[in-house]
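*Asks:* Listed below are the residues making up each chain.
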Amino acid sequence: MSESTLSLNAATSGLPVVPEWRRIMNRVVGHRGLLLGSSILGVIVVLALLAPWIAPHDPFAQNISQRMIPPVWHDKGTWDHIFGTDKLGRDYLSRLLYGARISLSIGLLAALISGLIGTTLGVLAGYFGGRVDAVISYIITTRLALPVLLVALAMASLVGGGSVETVVVLLGLLLWDRFAVVARSTTQQLREAEFIASAKVIGASTSYILIRELLPNILSALIVVMTLEMAHAILLEATLSFLGLGVQAPMPSWGLMISEGKSYMFFKPWVIAIPGITLMLLVLAINLVGDGLRDMNAPEGRN
Amino acid sequence: MNRILDIKNLQVSLPTANGVLRAVRGIDLHVDKGEMLCIVGESGCGKSMTSMALMGLLPKRAEVTAEVLDFDGLDLLSLPKKERNKIRGMRMSMIFQEPMTSLNPSYTLGNQLCEAIMRHKGVSSAEAKERAVYLLTRAGVPMPEKRLDQYPHQLSGGLRQRVMIAMALMCEPDLIIADEPTTALDVTIQAQILRLIRELQQEFGTAVIFITHDLGVVARIADRVAVMYAGQVVETATAQELYSNPMHPYTRGLLNCIPIPGKTAPGSHLESIPGVVPSLIGELKGCAFANRCHVSTSECSQRTPSLELEPNSTSLHQVRCPITATTLQEAM
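Chains as they are written, first to last, in full-length UniProt numbering: chain A, 1 to 303; chain B, 1 to 332.
Think of the hints as simulated: they come from the structure by calculation, not from any bench.
No experiment lies behind these values; they were computed from the predicted model shown.
Possibly wrong hints are sitting among the right ones.
Derived SDA-like pairs: lysine to any residue, alpha-carbon spacing no greater than 25 Å straight-line [claimed, not checked]:
{"no.": "1", "chain 1": "A", "residue 1": "K200", "chain 2": "A", "residue 2": "L190"}
{"no.": "2", "chain 1": "B", "residue 1": "K8", "chain 2": "B", "residue 2": "S124"}
{"no.": "3", "chain 1": "B", "residue 1": "K86", "chain 2": "A", "residue 2": "A197"}
{"no.": "4", "chain 1": "B", "residue 1": "K121", "chain 2": "B", "residue 2": "S156"}
{"no.": "5", "chain 1": "B", "residue 1": "K86", "chain 2": "B", "residue 2": "K146"}
{"no.": "6", "chain 1": "B", "residue 1": "K146", "chain 2": "B", "residue 2": "S124"}
{"no.": "7", "chain 1": "B", "residue 1": "K60", "chain 2": "A", "residue 2": "P19"}
{"no.": "8", "chain 1": "A", "residue 1": "K200", "chain 2": "B", "residue 2": "A239"}
{"no.": "9", "chain 1": "B", "residue 1": "K81", "chain 2": "A", "residue 2": "S207"}
{"no.": "10", "chain 1": "B", "residue 1": "K82", "chain 2": "A", "residue 2": "T206"}
{"no.": "11", "chain 1": "A", "residue 1": "K76", "chain 2": "A", "residue 2": "L104"}
{"no.": "12", "chain 1": "A", "residue 1": "K200", "chain 2": "B", "residue 2": "L316"}
{"no.": "13", "chain 1": "A", "residue 1": "K200", "chain 2": "B", "residue 2": "A62"}
{"no.": "14", "chain 1": "A", "residue 1": "K268", "chain 2": "A", "residue 2": "N287"}
{"no.": "15", "chain 1": "A", "residue 1": "K87", "chain 2": "A", "residue 2": "T206"}
{"no.": "16", "chain 1": "B", "residue 1": "K82", "chain 2": "A", "residue 2": "Y208"}
{"no.": "17", "chain 1": "B", "residue 1": "K8", "chain 2": "B", "residue 2": "E199"}
{"no.": "18", "chain 1": "A", "residue 1": "K87", "chain 2": "A", "residue 2": "L108"}
{"no.": "19", "chain 1": "A", "residue 1": "K262", "chain 2": "A", "residue 2": "D291"}
{"no.": "20", "chain 1": "B", "residue 1": "K82", "chain 2": "A", "residue 2": "Y127"}
{"no.": "21", "chain 1": "B", "residue 1": "K86", "chain 2": "A", "residue 2": "P19"}
{"no.": "22", "chain 1": "B", "residue 1": "K129", "chain 2": "A", "residue 2": "R212"}
{"no.": "23", "chain 1": "A", "residue 1": "K200", "chain 2": "B", "residue 2": "N245"}
{"no.": "24", "chain 1": "B", "residue 1": "K60", "chain 2": "B", "residue 2": "L79"}
{"no.": "25", "chain 1": "B", "residue 1": "K146", "chain 2": "A", "residue 2": "P19"}
{"no.": "26", "chain 1": "A", "residue 1": "K76", "chain 2": "B", "residue 2": "K146"}
{"no.": "27", "chain 1": "B", "residue 1": "K121", "chain 2": "A", "residue 2": "A197"}
{"no.": "28", "chain 1": "B", "residue 1": "K82", "chain 2": "B", "residue 2": "M118"}
{"no.": "29", "chain 1": "B", "residue 1": "K8", "chain 2": "B", "residue 2": "K81"}
{"no.": "30", "chain 1": "B", "residue 1": "K82", "chain 2": "B", "residue 2": "K146"}
{"no.": "31", "chain 1": "A", "residue 1": "K87", "chain 2": "B", "residue 2": "D75"}
{"no.": "32", "chain 1": "B", "residue 1": "K60", "chain 2": "B", "residue 2": "L14"}
{"no.": "33", "chain 1": "B", "residue 1": "K81", "chain 2": "A", "residue 2": "Y127"}
{"no.": "34", "chain 1": "B", "residue 1": "K129", "chain 2": "A", "residue 2": "S205"}
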């Protein structure tokens, strides 16, 4: 048969056979944004994980005699406190490292919760269509009409704000809209695909079709949304903490650090610049990774 | 003769905004064990609806009724859903038109090939794999062991359709419904796939309902042919009988549309059937083909014809035409 001879030719033609993982690696390394983003994100994640071992000081230990020491590149800086200390004499670098744990875990958990809610709603709406779709679309548009920050602030003040858990649940309940929209439209595209009909033919249940047949095919799009929502959640957490309704002192949240430093920002700008820059770097890195993953998944980028 | 499938007066209706669309209007069909039945007809004549009704793939709002819908002694309409699912997965299978979307892009071929048989027959994964490799080899897929670990996007359309054929045979079904399986393929691959389906059908003794709009395809593979028009079977006969002695004006019209090398002069106009298919919403009065038929009389639009045995033929040849066979013969 002609097909068999053709493929045999390809196999024996002496062209170097590039393994699959190698091709994927080449594409990742070839994408500058993804490479940069994942490097920064990787460094931050490792530092956050290792915080208890690499932090030079206890992030909660106050020392009034060592207040407001400037960072090391200043004239008055010392190597003991590389990023200086805050108004209570707590080591800034240690607080940043521990703060990264809070930012990352809030970002990840909030994105997971909202991903679960949004994907469930979106897949159901997209697959069943009709009345189910009408109801869920209504819920989605209602959610889109609500300003996230205002609702988050109102809810945070209602429940009292405070703990990391509250912030996670709050953001998780608010950030599912994009998941729902993306899951709905990708599901609609696949709903009529013949492999879904094949699954029905072999007697698969609806839940089996949704979870085993459909979900893996929309997962790549959802992962991209996930990165964006993670960055979104991290920023919102910082905002809430900055406004005093998120993570509470003495927890070392980056938003809280910026908030605590704002009264000094004209004379000691590093108090606010250092957590500000780290926050920007983290959000930028996550967004770069998200964009990069999107490009990796796009068919035009495949070779 | 041993019948695997017996259908009497199958009707499928779909509610639409403009009224009830009666896509299938009383079909009588039967398939014998190991037989290749071709259903031919133009787009929208209800051939896919018939197959979907058999496989239970119609949307919930569709209404399916039949006097008899009998699969090897089991009544498909009254069977509980669970039993029906079992039959659908194990004893009937389906090959779809579009090989590009009929395999799930997220799973390896091995995974998809073995899924149904492991699910329905409780076969171990090693045995399932062995059978998959055997069937892939039989379906002409080169390097079958390697294919099991590959994903659908790594295969060409023709190869994917071969995989689909192998997949349809995995559970040793009694009946395969092939809904235009070669339409999306180019002509050379189409010929290979047709030969393959015919070979495997004869080797495994599987009955096949082959749905197509291409009479050229029918001539190559069919044992028996049913020609459909506007949701009804208008003529059914053995393939040989149908081609040598087409009775219904629609069948003749379709056959006249095909250019014959050597006979049809280059540059000459091909025949076509004037007019369009009638709307399938609501009732049809008289013969559905009357408005496009060149031998129709005023009686045709009054009297609704039934499928009747053609008296002159030796084999089972049925025609749905208000004009009697003898007058038809003279009119042509």
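*Asks:* Take the hints in turn and mark each one as holding or not.
*Replies:* Verification of the hints:
no., hint, result
1, A:K200 to A:L190, "holds, 14 Å"
2, B:K8 to B:S124, "violated, 40 Å"
3, B:K86 to A:A197, "holds, 15 Å"
4, B:K121 to B:S156, "violated, 30 Å"
5, B:K86 to B:K146, "violated, 30 Å"
6, B:K146 to B:S124, "holds, 20 Å"
7, B:K60 to A:P19, "violated, 46 Å"
8, A:K200 to B:A239, "violated, 32 Å"
9, B:K81 to A:S207, "holds, 16 Å"
10, B:K82 to A:T206, "holds, 13 Å"
11, A:K76 to A:L104, "violated, 32 Å"
12, A:K200 to B:L316, "violated, 35 Å"
13, A:K200 to B:A62, "holds, 16 Å"
14, A:K268 to A:N287, "violated, 30 Å"
15, A:K87 to A:T206, "violated, 59 Å"
16, B:K82 to A:Y208, "holds, 15 Å"
17, B:K8 to B:E199, "violated, 30 Å"
18, A:K87 to A:L108, "violated, 30 Å"
19, A:K262 to A:D291, "violated, 32 Å"
20, B:K82 to A:Y127, "holds, 22 Å"
21, B:K86 to A:P19, "violated, 40 Å"
22, B:K129 to A:R212, "holds, 20 Å"
23, A:K200 to B:N245, "violated, 40 Å"
24, B:K60 to B:L79, "holds, 17 Å"
25, B:K146 to A:P19, "holds, 14 Å"
26, A:K76 to B:K146, "violated, 67 Å"
27, B:K121 to A:A197, "holds, 20 Å"
28, B:K82 to B:M118, "holds, 17 Å"
29, B:K8 to B:K81, "holds, 21 Å"
30, B:K82 to B:K146, "violated, 35 Å"
31, A:K87 to B:D75, "violated, 83 Å"
32, B:K60 to B:L14, "holds, 10 Å"
33, B:K81 to A:Y127, "holds, 21 Å"
34, B:K129 to A:S205, "holds, 24 Å"
Taken one by one, the earlier hints fail for this structure at numbers 2, 4, 5, 7, 8, 11, 12, 14, 15, 17, 18, 19, 21, 23, 26, 30 and 31, listed in ascending order.
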